[in-house]
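A.B. asks: Throw the hints in and build the complete structure from the sequences for me.
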Amino acid sequence: MARILMKGNEAIAEAAIRAGATNYFCYPITPQTEVAEYLARRMPEVGGVFLQAESEIAVGNMLFGAASTGRRVFTSSSSPGISLMQEAISYIAGAQLPCVMLNIMRGGPGLGGILPAQSDYFQATKGGGHGDYRVLCLAPSSIQEAVDLTMSAFRLAEKYRNPVMIVGDGMIGQMMEPVEFPDTFDAGDPTANEAWAATGARGRKPRIIKSLFLDPLKLEENSLTLHRKYEQMKAEEVRFERYKINPKNELLIVSYGTMARICQTAIDELEREGVSVGLFRPISLFPYPEKELREEVDAKNIESILVIEMSCGQMVEDVERVVQGVKPVRFFGRTGGIVPSPEEAKEQIKNLLKKSARAKVGRTTGSVSKRARKG
Amino acid sequence: MHIEQAHKTIFRRPESLAETVTHYCPGCTHGIIHRLVAESLDELGLRERAVGVAPVGCSVLIYNYFNCDFLEAPHGRAPALATGFKRIRPDMIVFTYQGDGDLASIGMGEIVHAANRGEKITVVFVNNAIYGMTGGQMAPTTLAGQITSTCPHGRDTSVTGYPVRMSELLATLVTPGYIERVSVHSPMHIIRAKKAVRRAFEYQTSGTCFSLVEVLSTCPTNWGLTPTEATKWLEKNMFSYYPLGCFKQPDSAGVR
Ligand SMILES: Cc1ncc(C[n+]2csc(CCOP(=O)(O)OP(=O)(O)O)c2C)c(N)n1
Ligand code: SF4
Numbered sequence: 001m002a003r004i005l006m007k008g009n010e011a012i013a014e015a016a017i018r019a020g021a022t023n024y025f026c027y028p029i030t031p032q033t034e035v036a037e038y039l040a041r042r043m044p045e046v047g048g049v050f051l052q053a054e055s056e057i058a059v060g061n062m063l064f065g066a067a068s069t070g071r072r073v074f075t076s077s078s079s080p081g082i083s084l085m086q087e088a089i090s091y092i093a094g095a096q097l098p099c100v101m102l103n104i105m106r107g108g109p110g111l112g113g114i115l116p117a118q119s120d121y122f123q124a125t126k127g128g129g130h131g132d133y134r135v136l137c138l139a140p141s142s143i144q145e146a147v148d149l150t151m152s153a154f155r156l157a158e159k160y161r162n163p164v165m166i167v168g169d170g171m172i173g174q175m176m177e178p179v180e181f182p183d184t185f186d187a188g189d190p191t192a193n194e195a196w197a198a199t200g201a202r203g204r205k206p207r208i209i210k211s212l213f214l215d216p217l218k219l220e221e222n223s224l225t226l227h228r229k230y231e232q233m234k235a236e237e238v239r240f241e242r243y244k245i246n247p248k249n250e251l252l253i254v255s256y257g258t259m260a261r262i263c264q265t266a267i268d269e270l271e272r273e274g275v276s277v278g279l280f281r282p283i284s285l286f287p288y289p290e291k292e293l294r295e296e297v298d299a300k301n302i303e304s305i306l307v308i309e310m311s312c313g314q315m316v317e318d319v320e321r322v323v324q325g326v327k328p329v330r331f332f333g334r335t336g337g338i339v340p341s342p343e344e345a346k347e348q349i350k351n352l353l354k355k356s357a358r359a360k361v362g363r364t365t366g367s368v369s370k371r372a373r374k375g
Numbered sequence: 376m377h378i379e380q381a382h383k384t385i386f387r388r389p390e391s392l393a394e395t396v397t398h399y400c401p402g403c404t405h406g407i408i409h410r411l412v413a414e415s416l417d418e419l420g421l422r423e424r425a426v427g428v429a430p431v432g433c434s435v436l437i438y439n440y441f442n443c444d445f446l447e448a449p450h451g452r453a454p455a456l457a458t459g460f461k462r463i464r465p466d467m468i469v470f471t472y473q474g475d476g477d478l479a480s481i482g483m484g485e486i487v488h489a490a491n492r493g494e495k496i497t498v499v500f501v502n503n504a505i506y507g508m509t510g511g512q513m514a515p516t517t518l519a520g521q522i523t524s525t526c527p528h529g530r531d532t533s534v535t536g537y538p539v540r541m542s543e544l545l546a547t548l549v550t551p552g553y554i555e556r557v558s559v560h561s562p563m564h565i566i567r568a569k570k571a572v573r574r575a576f577e578y579q580t581s582g583t584c585f586s587l588v589e590v591l592s593t594c595p596t597n598w599g600l601t602p603t604e605a606t607k608w609l610e611k612n613m614f615s616y617y618p619l620g621c622f623k624q625p626d627s628a629g630v631r
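The listed protein sequences derive, respectively, from chains U and Z.
What the first sequence shows, in my numbering, is residues 1 to 375, in sequence order.
What the second sequence shows, in my numbering, is residues 376 to 631, in sequence order.
Derived from the structure by calculation, the hints contain no laboratory data.
All clues stand as given, with none of them false.
Here are some chain Z residues the structure puts well away from chain U; computed CB gaps all over 10 Å:
(1) Glu-414
(2) Gly-529
(3) Val-539
(4) Leu-600
(5) Glu-604
(6) Tyr-616
Derived DSBU-like pairs: lysine-lysine, alpha-carbon spacing no greater than 35 Å straight-line:
(7) U/Lys-355 <-> U/Lys-248
(8) U/Lys-210 <-> U/Lys-159
(9) U/Lys-350 <-> U/Lys-244
(10) U/Lys-234 <-> U/Lys-210
(11) Z/Lys-383 <-> U/Lys-205
(12) U/Lys-210 <-> U/Lys-126
(13) Z/Lys-570 <-> U/Lys-210
(14) U/Lys-126 <-> U/Lys-350
(15) Z/Lys-570 <-> U/Lys-205
A virtual CB, placed ideally from N, CA and C, is assigned to each residue, including glycine.
C.D. replies: Next up, the structure:
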């Protein structure tokens with residue numbers, strides 16, 4: 001199929017339809033409302049379900065009910081809206097149902113702002129709702145990647161019967177890029193879910209889709225079943241990209257999504273100036289590419305790691321967990337909806353390289369830069 | 376008279392009810408309401424395409440007592456689950472079973488909007504004027520002056536407002552719907568309640584409209600009364616504030 005120029009939000013919406021997710025529930029919130037607007041037009045064309053609910057609390061729960069049918073279901077929102085869906089996400093994970101949710105993140109906390117941010121990392125990867133559960137979380141850094149990940153998200157959701165969250169930010173949602181949709185896409189057999197879905201107790205025992213287990217042993221059993229799925233995700237679903245990593249690098253950058261893309265530009269420019277830096281980009285935020293990142297960190301020449309995020313430092317905690325203090329982990333972040341420029345990233349990288357050239361000692365863990373704090 | 380005729384079964388457990396013992400307190404009318412729902416499903420031949428949505432409240436385990444598919448909703452959200460399900464499977468019969476704390480408090484938003492969208496679902500709304508499961512706290516439906524564990528001196532309407540009449544409130548919506556309030560505290564009322572529940576399912580089966588039956592119910596345990604006293608208390612105190620009757624039917628709907 002030819003490449004077409006599309007806005008991120010609309011491309012993701014189209015990808016969901018092509019993946020067979022013809023059931024969409026939503027509530028408007030900037031900067032992702034184009035997903036809803038696009039699907040309001042598109043869903044009727046494909047005979048799908050489009051419903052604008054009264055709140056994100058209702059959306060999350062409509063998704064819960066809708067997923068119980070065994071059909072592919074989808075929603076999209078932005079930070080404060082995703083917060084309201086946390087109740088349902090916990091229940092959906094507990095009841096082991098598949099669904100795909102898109103979070104086009106904006107600055108927070110609270111009403112925050114409407115510009116791009118990456119400050120929902122903790123919420124997306126560490127739970128958000130109550131209970132022992134995880135959400136499989138994918139972070140694209142281009143519109144094409146957002147399309148591809150959205151399409152595979154539905155199959156992953158069904159493989160694990162678990163919510164899958166795509167996290168982008170206002171930039172991914174709002175910018176335009178050429179994208180290509182696969183000519184053919186095997187959306188899988190949607191009737192396969194009829195083995196567990198609520199379809200009416202005709203000629204079989206009634207099915208109960210629930211997350212309540214008053215017997216602690218039964219609840220523990222359910223939590224352990226969930227836990228085993230998350231372990232399987234760790235073994236099978238880790239995704240990441242290495243960019244210009246070479247054995248001579250002294251500094252390793254770790255960044256994801258839009259921010260990683262900006263780092264790539266900075267790295268390209270530095271390369272032209274004769275400075276060589278590599279980037280490790282986690283694509284799956286849960287499961288986190290722990291082993292793979294650790295291999296890069298352990299490379300002989302690497303002296304320090306620089307984490308760059310559009311937040312006050314959230315993923316940096318996962319990086320520190322992986323690095324386990326063997327090398328210094330530094331952090332640079334802007335937040336509040338400010339997208340650092342490649343120049344700003346370059347400056348951070350250069351300063352750090354200069355510093356480590358001056359004093360190849362010390363293990364100072366970085367914090368939000370002074371500039372970022374002022375911003 | 377033939378012996379077969381003499382032994383004709385005239386009363387049995389509805390097929391839609393599972394053969395099990397419920398956990399409800401003695402004298403609690405949740406069990407009667409379950410039976411009315413099950414009988415309606417049986418009579419209309421709906422069991423095999425029915426999916427119930429369980430609430431959070433004393434009837435949270437309702438799925439163990441029914442013989443059909445069931446989903447279990449977060450507190451108050453049953454109408455949203457039912458909406459999601461029914462929109463995708465309009466061929467199935469979807470009903471929620473909700474207490475007053477569930478539907479009129481935390482789930483106020485979900486029920487109002489499901490009704491206003493005219494979701495083709497059936498809601499069985501059990502009003503016992505109290506939170507049963509958590510041990511007798513004030514509900515939005517608790518009567519003025521009624522004593523509960525969180526209004527030990529009686530509900531003070533200057534502080535907490537007046538009890539919410541859900542049927543009347545929902546009947547103000549323009550969207551066509553069927554809304555009736557019934558009671559199950561006496562055999563005569565049970566027979567009337569049954570008609571309403573059945574009618575509610577019929578409106579769904581024919582794809583006509585949203586339907587809700589509010590059922591006045593007893594909570595002897597948290598009212599601190601014997602089952603017999605409880606039925607008397609219901610009649611004496613609830614009837615005047617929660618009048619029985621049909622508040623809305625599809626034919627009477629229209630822009631006011
Ligand atoms: C989010 C949330 N808040 C509070 C509770 C605790 N809770 C369980 S049942 C209940 C009240 C239910 O009362 P009602 O709906 O009137 O049903 P009844 O028990 O009287 O049948 C509450 C507050 C909960 N489970 N979830
Ligand atoms: S607490 Fe009240 S509502 Fe709950 S089962 Fe007992 S009597 Fe019924």
